[in-house]
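S.K.: Make a model of the complete structure from these sequences and hints.
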Amino acid sequence: MNPVSRVGRWIGDHLVLAGGLLVLVYLLVPNAIVVLMSFNDNSEARNVYAFQSFTLDNWLNPCKPSGLCSALGTSIQISLLATVVATIIGTMVAFALVRHRFTGRKAANVLIFLPMAAPEIVLGSSLLSLFVAVGLGGRLGFWTIFVAHVMFCLSFVVVTVKARLGGLSENLEQAAMDLYANEAQTFWKITFPLVFPGILGAALLSFSLSFDDFIITNLNAGQTVTFPMFVWGSAQRGVPMQVNVVGTLMFVIALAIVIVGEVQSRRRQNTLA
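Going by the UniProt record's numbering, the sequence shown wraps up at 273, each residue one higher than the last.
Just so you know, not all the hints are guaranteed correct.
Cβ pair distances, simulated, as ranges [stated by the list, open to error]:
hint : residue 1 : residue 2 : range
1    : 33        : 99        : 39 to 47 Å
2    : 138       : 193       : 46 to 54 Å
3    : 104       : 214       : 15 to 23 Å
4    : 255       : 60        : 17 to 25 Å
These aren't lab readings, by the way, just hints derived from the structure by calculation. This structure is a prediction, so every number in the text was calculated from the model and none was measured. Just so you know, even glycine gets a beta-carbon here, dropped at the ideal spot from N, CA and C.
M.R.: As structure tokens, then:
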């Protein structure tokens, strides 16, 4: 084989890997900047993303900017509540759509996608109109944000759990019932453990979407300030570096969850092998 062919073959063998690595680096660059800026002492500079000097003060005093920790706590509370409620309801809806046949099933499948397909500004303004119509226009706040977040997270939960259920064979459940397990035992011992990764993935996705949402939240928040709204308001006078501390912590926690999940999955595979 001549040198030109060898070079061409080497490029062909490694092109996909190189492209994947480049895409991965491209995706991680913003995260790397956030981590770097969390150690930036830039209290006196106008350009908030000009690195001045290294400091640990941002990490030692994350609540130094007034209102940051309060807004963060509000976002976490809303996200956790919305995630729990949306995951429970969405999982039941997914089971109903996959395992049962009923009138309006096809229409329900179409309606589930509407909150995902609609622009957030349309969804947020529609929810605001609904709250005003039922007399909550003057009481917008924590609970109206919660209702709005459950509504748009619900679609993502249903779609995610449906995908897991759709790829799940019923043979194991039938085998369990052939071995004299009742329906409750079959569900908790066989079905639920198999579907749980999809439910967990849907819950994590819901939490991320709820915690990150700005447009729908801003339209239905009233005087309540969430973390994304705090960042948006701070941007007008300079984003405090402690915001990057929160971003770094969220990134590390998400990465840790993924790593732990992957390690446990490999352990289960090795055990079964």
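S.K.: Does each hint fit the structure? Answer for all of them.
M.R.: Evaluation of the provided hints:
In this structure the hint that residue 33 and residue 99 lie 39 to 47 Å apart at CB holds, the actual value being about 46 Å. Checked against the hint of 46 to 54 Å, the C-beta distance between residue 138 and residue 193 comes to roughly 47 Å, which is consistent with it. The hint said 15 to 23 Å for the Cβ distance between residue 104 and residue 214, and at roughly 34 Å that hint is violated. Here the CB-CB span from residue 255 to residue 60 is close to 23 Å, well matched to the stated 17 to 25 Å.
Checked against the numbered hints listed earlier, the structure breaks hint 3 alone; every other hint is satisfied.
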